[in-house]
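Asks: Here's the letter readout for the chains.
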Amino acid sequence: MRGVIERLGRVRELGIVGATVVLFLGTGLSNSGFLSIDSFRDILLNTSIIGLLAIGQAMVIITRNVDLSVSSITGLSAFTAGVLLADHKGLPIAVVVVACVVLGALWGVVNGALVAYARIPALVATLGTLYVIRGVDYWFAGGRQVNAADMPSGFLSLGTAKIAGIPVLPLITLVVLAAVGWGLANFRSGRELYAIGSNPDAAVLAGVPVARRLLTVFVLNGAIAGLAGVLWAARFGTLDATVATGKELDVVAAAVVGGVAMSGGVGSAWGAALGALLLTSISSALAVLKVDSLAQYAINGLLLLAAIILDRLLALRVAARLRKKSRERSTETGPKVAEVLG
Amino acid sequence: MSALKSRLLSWEGALLVLLIGSWLVAFATVEGFSGTSNVSFLLLDVSEIALMAIPLTLVVITGEIDLSIASTLGLTSAIIGKLWNAGLTIESIFVIALCVGAVCGLVNGLLVTRLGLPSLAVTIGTLALYRGLAYVTLGDKAVADFPAVYTGWATGSVGPIPKPILLAAVLAVIAGVILHATPYGRSVFALGYNEEAAYFAGIRVKRIKLGLFVASGVFASLAAIVYTLRYSSARADNGTGLELAVVAAVLLGGVSFFGGRGTLPGVLTGVLVFGVLRNALILADVSNEVLNFVTGLLLISSVLAPNLATLVRNRRSRTLTPPLMEGNPS
Amino acid sequence: MSEPTPVLALVDVSKSFGAVRALRGVHLDLFAGEIHALAGENGAGKSTLVKTFAGVHRPDGGRVLLNGEPVVFHGPADAQHAGVAVIYQEPTLFPDLSVAENIFMGRQPRGAFGRLDRSAMNAAAAELFARLGVVLDPSGPARGLSIADQQVVEIAKAISRDAKILIMDEPTAALTGREVQRLFTVARTLASEGCALLFISHRLEEIFALCRRVTTLRDGAWIATETVADLTEDDLVQRMVGRELTELYPKVDVKPGEVALEVARLTREGVFTDVSFTVRRGEIVALAGLVGAGRSEVARAIFGVDRWDAGSVSVEGRPLRAGSPTTAMAAGLALVPEDRRQQGLVMELSIERNMAVTGMKKLRRGPVIPAAAERALAADWAARLQLKYSRLSDAVGVLSGGNQQKVVLGKWLSTGPKVLIVDEPTRGIDVGTKAEVHRLLSNLAAEGLAVLMISSDLPEVLGMADRILVMHEGRLTAEIARSEASEEKVMAAATGRRGAAA
Amino acid sequence: GGTTKDDTKTEAPVANTSATADAGAPLKEGLKIAFLPKQINNPYFTIADKGGAEAVTAFKGESKEVGPSDASASSQVSYINTLTQQKQDVIVISANDSNAVVPALKTARAAGIKVVTYDSDAAPEGRDVFINQASPEDLGRTEVQVLAKQLDYKGKIAVLSATPNATNQNTWIDFMKDELKKPEYKDMELVKVAYGNDEDQKSFTETQGLLKSYPDLKGIISPTTVGISAAARYLSGSQYKGKVALTGLGTPNQMRKFVKDGTVKEFELWNPADLGYLAAYAGGALASGQITGKEGEKFTAGKLGEKTIGKDGVVLLGPPTVFNADNIDSFDF
Ligand SMILES: Nc1ncnc2c1ncn2[C@@H]1O[C@H](COP(=O)(O)OP(=O)(O)OP(=O)(O)O)[C@@H](O)[C@H]1O
Ligand SMILES: Nc1ncnc2c1ncn2[C@@H]1O[C@H](COP(=O)(O)OP(=O)(O)OP(=O)(O)O)[C@@H](O)[C@H]1O
Ligand SMILES: [Mg+2]
Ligand SMILES: [Mg+2]
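Going line by line, the protein sequences match chains A, B, C and D. Position one of the first sequence corresponds to residue 87 (our numbering), numbered consecutively onward. Position one of the second sequence corresponds to residue 42 (our numbering), numbered consecutively onward. Position one of the third sequence corresponds to residue 11 (our numbering), numbered consecutively onward. Position one of the fourth sequence corresponds to residue 281 (our numbering), numbered consecutively onward.
Keep in mind the hints are simulated off the structure, nothing from the lab. All values derive from a computational prediction rather than experimental measurement. The beta carbon of each residue, even a glycine, is placed where N, CA and C say it ideally should be. Hints should not be assumed to be uniformly reliable.
[Stated by the list, open to error] Straight line, CA to CA, 30 Å or less: simulated BS3-like cross-link-like pairs of lysine-lysine:
#1 D:K521 with A:K376
#2 A:K376 with D:K285
#3 A:K248 with D:K498
#4 D:K386 with A:K376
#5 D:K386 with D:K545
#6 D:K583 with A:K376
#7 A:K376 with D:K367
#8 B:K247 with C:K174
#9 D:K461 with B:K182
#10 A:K248 with D:K540
#11 B:K182 with D:K545
#12 D:K386 with A:K175
#13 D:K521 with A:K248
#14 C:K428 with B:K247
#15 D:K591 with A:K376
#16 B:K123 with D:K386
#17 D:K367 with A:K175
#18 D:K340 with B:K182
#19 D:K461 with D:K436
#20 D:K386 with D:K429
#21 D:K521 with B:K182
#22 B:K247 with A:K376
#23 B:K204 with D:K386
#24 D:K285 with B:K123
#25 B:K182 with D:K466
#26 B:K182 with D:K540
#27 A:K248 with D:K482
#28 D:K545 with A:K175
#29 D:K434 with D:K457
#30 A:K248 with D:K461
#31 A:K175 with D:K429
#32 D:K472 with B:K204
#33 D:K498 with D:K461
#34 B:K182 with D:K308
[What the hints assert, rightly or not] Sample of chain D residues facing chain A (criterion: CB under 10 Å; computed from the structure):
#35 T337
#36 Y465
#37 M468
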């Protein structure tokens, strides 16, 4: 006996799954190479970082907030990892990972404090820290570039290593996904995030420690972004101050495509991860389909829109069916009001 | 409301003080700032941002957002170049350009109002789409040889005031009156705060939003014309990334991202503050990372300042106003 | 008789919001096992007092005593831990979460590894609903529940806390007789179990039926705390209003004119079916029924907020387009909706803006709206409705519930409609104002306005309506003329016992 | 009516032909020379501008590096304007958009500032001289030749370029295509030009895509430092390592690892430091009246010796260095 929300939610994610499958089959038809194990491996690898960020972002968006600074945090963390490894040969990788995660978490504290305690709308606060952190990154890097050659191959191999044929990076993402996904669905604190996003004022009256929860969410998201930075360093090897610039929109897009509504209270980490998978698969597919490079942006955007629209139509369908069935009387404007941003 | 109004006023006031303050400081300390030619450089540099910020202000007040404006600019610019090469008259090209913008806006608007999709998601999508179409249109080429009369206009100025800025100013005044004094403007605010109640009051919610998205597109293409002419360069990648700058200006101007709250004078002041600081810092050879830094801090303080004020007030009256009132949609 | 110490008490508490002094030197003691009523006009300060108990507001002066010990609640959480459960006047639900989770948020039953146990939660919720005698799907979403159902969920939430102190701010405003009776039974049980209850209502008969003592407030000041038994309704009104109450149902009889509103075979899939009726100029037609009968939905469809799937609506013979409030307004329709916070008002906007939002076209001089004209209009209606406010430029949100309702009425009456549909027009409005509103409605009718009044308040229905339409499960089950209308007949039709209605 | 393309004639370069060069004049001291790269904090330009700064200190001037953090077409213009305000003596610029910067540069020159372009030229009327790292023709053709040798003139090849609008890359690619027309390349086919936007990640995924869609691909040319290192990194970690040849433009430090592990045999690049160095001296010479930018004028560029101005004010840096396992360790940039 599951609630309508979950039912809707499941359907939402089913929509994305459907779209992804269609994409793979379609591309596979014209180029079977796309369905090869090898290519799946690459797609998983490409998804792992954006996916990780999308999972974190989902938590934030569910509370009716958003964190645009993740791209900058990832960039800073990646460069930090690079410098640590390049300048202190023999520093254990674990230490570097922890350092970067902590770095991310600290910036998360800044975001969280601004949003939860200074009560700055998240978009403004994190757009601000997006600039600030990138500034710090530039200042820190000052035109320096860390190259694959400067880093221990033991670390770089993280980017390609496999366990039982599955690359490590996606595995890490999966672990985080499992943890976050489960927590959101099954912990009281997880449910309270939905409550906050669904009706912040009511959350206060219900005795939910809103500020504390928000702070936690931003810190977690920051930490995840920090981790993503390390993975980035391991995967791409060439690191400078511009790493991950502009990725924030992709991340948000992934979450939204994955059925996490900007108006809060709806969505799941799983959906966000699926959204990320769909988006990266799209760009990989385009590269494979010998699409003229210049047309790729256009098609990318088109498919993104298609995904959102499909998801929306499915949601509407279900809503209509529900209305007929159980005398559900949500107002005509209701769902749209809910969809309105913020 | 009174609290809200004073909050707004206080914020606009603060911005104005900030603007004048930074202007005076720069005037006194940064050599080369005071020159009239510099003033017009300064203003010219924000002309596109100013143009695009005008409709975006209204869009954000209705609780929506349009991130595709910079891409619309790029697409329009690319089409201008294409048509110019094809030998059309520049005047007719301008007309077509505006139509292109209108169509781009219409697409956004229809997706948001008819399908009820979240505008953030939609316009992230069209951000990619329009930029892509720009590349499809003009590819890797750049078109440069535009008639001197028009490029001259775009770079020319009346006294120290560049002509594009004059254009923006006129449009801003019109938009300001519409937003703050007409039934249309009232409706915009009402539905920004509570879409459902507005709908119950017979306000044509969808039509208004659609109109605003179209306006946003048209202004973006207007900005594209200015941009293309003043750099006399039509390229597919023109204005890449400008959207965040515009959004930043709007938010700095005191418009609530959650809709309902905001004023045009505030936004325009915000745009100018950005312009002055950027120009002054560059003149003072402050390195680019500091520019990023300052932009960010400014943005944060734009809301931090008034919020701290209210927080302090609440401490005094010891009332627990539920936090995140900001957070309430509709 | 030595009085035991009160479980919760307010001593000389005052609270003001800027210029507004919502509470001044108020005293109140709540004893274990008693049901204590709080009475007062709209804006008297009842909800503010409640919020002080709940830790939402911290008083500017005075003390809150818990079991005789002074306490300071730093937030609702504190109050809850102290054993205070509150039903707020305005429902505070999470639309995206299931009904059950709304009830148990933060207290969900947990299984292994702190994993929350949904089936246990739903079962518990179902139990609560059974206790309250309502049919609601615990696993369904809270979004789309009628005000009434929302209120029911709020009640369930509060009693599920098995609190030592239960505070109910107008819990019955949205309920019909049956639910009210259920609620009272529950309340009495709780009291007998040693729980202290504070009960707020504008329906005096309820106070007399349920409560032992009553405390009256007027303009934020404490007036009296007395045993209900020693009071008559008139005494109580006297305390609240500070003057003699004029007649509550001043219905003037008028000769119905030609048909103004005609609804024919109106149907909306799964919501209501085959609804046909007419309202004539000068008539007040009441639409009665149990919660969830679909009355509001009919109203919303007529006004064009919801589309209808079949049938037709015409105003003075001219048919309306489905799903367009704008054309409905143009045709002379007005709808005072059921949920004033979500549908009736823009809480953040000023009183004047809210009043003017329906009449902007009329106010307009050239392209712009003269602020003066706007204010004049607002001031005029504020006066006619005796609105309690400090400045017309204040946000409507700071007005008391009843005063908010007045603003909604004013906003629609100012459009000079031909047909006025009012959904629960006096929900949460004090007796004084209620009489005002009723007089207003009947005068308007006398001037030839056609009024369709949805109400869950039977006395109101019987007192005001020329004809009574009764709905059950989305169908019209009876039409009763004023002359032969009686509570029994209406309830019979409303609960679907056909024969009785005929 | 209305203005069309045909009505407009490109106005003649405003090169101050009136001025006459005095080769004998000494280099002025205390010249203010500003470097305006495509993008600040870009390693390549950081090296180049260091070289420039070294030169400027050599002739006792003061130099600085300013610029935008995004390599966008127009963001340079506001910097040109401010440099004009600051009354610099020389602006040394690498144009993001050969047209967009021209109006601003004209204003600067009208204010008596000398303009030197390096790495990426602006339209001639916008500058006095252009320091060309290597003639586009040489580069384009040699790249193809180097690769052809490695695959002994057989197989499909692809190009991984920077942004679709990158002026340099596009001219080079045109010459590559032209070179490939020659008979000896009849068995080679250029199947695709992919764009990595000079973003590491995009270049990386583009390389993946190339090898997916053309399993029989034999070689890749990446005429951009970002692209080649990304491509090399993908190859070195994939089963194509050693099977698919890769060459192009890269810095030794980025490529060392891949040259050593055999992913890459050969690649080329000029020394960016020398490029900046020469640009600085050209600027100095202009500001001191030694040269005016006319063809045939000569000036001495410190350690680089005497340089001659070629056709339409272009000065050649000289042939690029080819790096391979043998010589790579003797370079550090
Ligand atoms: N947050 C607030 N800010 C400003 N004024 C407020 C606020 N809350 C209540 N008030 C004012 O305090 C007074 C008391 O309001 P309150 O809601 O307690 O009245 P009430 O007795 O509950 O009325 P009703 O029966 O209509 O609910 C009113 O004048 C109201 O306008
Ligand atoms: N059988 C049911 N299943 C689910 N929900 C129901 C059912 N019956 C009623 N409801 C709820 O009641 C609401 C319908 O109440 P509505 O307001 O339309 O009727 P009403 O007669 O106007 O009641 P009210 O007196 O509250 O206005 C619906 O939104 C729905 O949530
Ligand atoms: Mg109240
Ligand atoms: Mg109703």
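Asks: Identify every previously stated hint that the structure contradicts and give their numbers, smallest first.
Replies: As far as the earlier hints go, 2, 4, 5, 6, 7, 8, 11, 12, 15, 17, 18, 20, 21, 22, 26, 30, 31, 32, 34, 35, 36 and 37 are violated by this structure, in ascending order.
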